[in-house]
Amino acid sequence: MSTLPQDTELPRATGPAGLAPPPDGPLLEATDLAVSFSLGSSLIARMRHEAHVLHAVDGVDITIPRGEALALVGESGSGKSTLARALAGLQRTDRGKIRLDGKVLPTRRSRADQRKIQMVFQDPYSSLNPRLTVGGMLHELLRVHHVVPGNEVQSYTRELLGLVGLGEEAVSAYPRQFSGGQRQRVAIARALALRPELLVADEPVSALDVSVQATILNLLQDLRAELGLTLLLISHNLAVVRHLCDRIAVMYLGRIIEVAPTETLFASPQHPYTQGLLAAIPRMTFTAEGDVPAVKGDPPSPLRIPAGCRFRTRCPIAQPICEQQDPALTASAGDPAHSAACHFAFGPVPAAREPQAAGAGAGVPANAANPANAANPANAANPANAANPANASDEGMRP
Amino acid sequence: MSQPLLQVDDLHVQIAGRRGIVRAVDGVSLEVPTGEAVGLVGESGSGKSMTLRAILGVLPPEARVTAGRVLLDGADLAHLGNSQLNKIRGPKIAMIFQEPMSALNPVMRVGSQIAEGPQVHLGMNRRQAAERAIELMRRVGIPDPERRYRSFPHEFSGGMRQRVMIAIALSCEPELILCDEPTTALDVTIQDQILRLLTRLCRESGTSLVFVTHDLPVVAQVCDQLAVMYAGRIVERGSVQEVLTQPCHPYTLGLVRSAPDVDHPRSSLEAIPGAPPSLVSPPAGCRFHPRCKFAEEDCTVTEPPLRLIDAGHSTACLHFERCLDEVRTEGADR
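Chains L and U, in that order, give the protein sequences. Basically the numbering used here = 1-based index in the first sequence + 261. Basically the numbering used here = 1-based index in the second sequence + 17.
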């Protein structure tokens, strides 16, 4: 068996040489993406006055430039995993377009298109076939997708395992013989085997112990540096996200409500939900003085999404306008890289029930703030009234 | 300090496994003073949950306490029968589990589940117990308690279910609450709500807490004292701030360094090499030595005892000064 020079063997993040990608366009661009699930009997749903369609992802625009690591954060049920699965082609979409390298991906993707977006799943105990050896798993993949010529499969497999820090003996081992961290390495090797352009990692470390998490996070970081990999990381752990990602998109009830470069988001979060989310992170130094939680209440059921702004039932600064108008994701006038879907983002903020986390007050005055200012005097005394009735009915209820 | 509320003395828990006897807890000693919160951290398999379960006598059937004492108000819980333990569970010690859905009775209304304890232990009649349950539901922040009293657990969200668990734990005014990763299954914002609620209620009623988790920042928010477990033993103990800022055991140092800190992002995380040892045949000497970067000859021979190195701070490391040196040099670099 011949050993080829290293650079032909390593999986490359760039596409095959023949298909030159447009130089400056984003690697992936999704517009108005929506995914819904229909649930149970519509009769029962009607009796409960509920929609029997769950809108998991409800009109999302997302752009990932080549080589970037984008994080998708949000509570469980916010639709972040569904969005990731839709981008990877594992989930049928209701509407919306996904462009990869400027080319619209059809609903049924060709094998070549499937290769370009690969996923790493949360639980390495259930995402690997227990009856295949690691070598068998990778060989099958390489054969089906014709990644390398048949006589190079063996050496390419070893190369891949070396890339994720596993030795040659891993080839003939079964998943059960590995620890959780090693399994996740196998899963990453499997995803990289097809030389994807985008790696989608859905909570890749949350099933692992703390000391093992670090090895996987370091591996992902090294792979990015080494292969120029574009990464979409889904996580609820903001410390992990800050460590690994260039940009963060925050999701709430099926929508992206704020996008910004990582450090901008941590320095001046604009959406009240983002502010609460950042304030709720447990810190290594004691901060939890006082009894006021960062965000009150439970997220509403995705079957009963509030009219207007989706966050208004829990929002400390909700105003009448929030009930009437659904705020669109709008870029800041001062910083086009920073967008937020709040009527009061990047501008003066109405009186809050509780003082909010730092950063909300500063910024360029934006047009969105104006209509609410007119309504302010009437409500400033107790804006809680506006939000409360809805709050009581949503809190804690699950159908 | 006066007599601690709970004193665990050289506790051993063994599990009969297929490959031999697993020493899940191997000589753990722990004191919980009245009104304080003690955190117990470690990786999965370190024995932290087993220690907690042994305290309350709710070990899985294949595990048993082979040695040691669990003293609560002078009584040794480790040698009490089930009927006597039942008198203690509730009015003296309560427990909050990680997954409230599997800890709550799915076919019983939540109000009745909260009212059950006061009826059995406090001698209340149904009406009194129901009133108490409603008051407790209000205290833990369940909206509209009169109506939600009649709901079933599946009608609640995860955070609300954990509030129900807290209400049940508080229902008989225990002196000690044991928490087994109570917020691990919850979202960050809900975790924040529950942690604040729990610390406030315990402060108000002077209840002690033993809090098991693998999440160091959570411990920093909730606990006064911290004990770090590794391979069935406590390797470091002290006040939370001191242990987290000046770790004196390489394993603690490893834990602190391997988790990304949201306020101080590092360029690269320092993972602990290797994997936790088998608890059937743990390594000789210090159990951490095969993974320890400071390990010397003597570490492979001598099993280091937990010894006091500073007021209220003990470590089971023969070369703890090296940890301190490393922490100091890093502090100087920053």
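Calculated from the structure, these hints are not laboratory results. Warning: the hint list may mix true and false statements.
[Said to hold, decoys possible] Which residues of chain L face chain U? A partial, calculated answer using Cβ under 8 Å:
{"#": "1", "residue": "R503"}
{"#": "2", "residue": "P543"}
{"#": "3", "residue": "V556"}
{"#": "4", "residue": "D559"}
[Stated by the list, open to error] Which stretches of chain U does chain L cover? Using the computed rule of at least three CB atoms under 8 Å from a CB of chain L, they are:
{"#": "5", "segment": "76-89"}
{"#": "6", "segment": "206-217"}
{"#": "7", "segment": "233-242"}
Glycine included, every Cβ here is placed at the ideal spot set by N, Cα and C.
Restraint: P543 (chain L) near chain U, CB-CB cut 8 Å. Satisfied or not? 4 Å, holds
Going by Cβ atoms only, is R503 (chain L) closer than 8 Å to chain U? At 5 Å from the nearest chain U Cβ, R503 (chain L) passes the 8 Å test, so the hint holds.
Hint check: is the beta carbon of D559 (chain L) less than 8 Å from a beta carbon of chain U? 5 Å, holds
Closer than 8 Å between Cβ atoms is the bar; does V556 (chain L) clear it against chain U? Give me holds or violated. Since the shortest Cβ distance to chain U is 4 Å, the answer is holds.
Okay, the segment 206-217 of chain U and chain L, do three or more residues pass the C-beta test at under 8 Å? Result for this restraint: holds, n = 10.
Check whether three or more residues of the segment 76-89 of chain U sit with their beta carbon closer than 8 Å to a beta carbon of chain L. violated (count 0)
In terms of beta carbon proximity below 8 Å, does the segment 233-242 of chain U have 3 or more residues touching chain L? holds (count 6)
Hint check: a violation occurs at hint 5 only; the rest are consistent with the structure.
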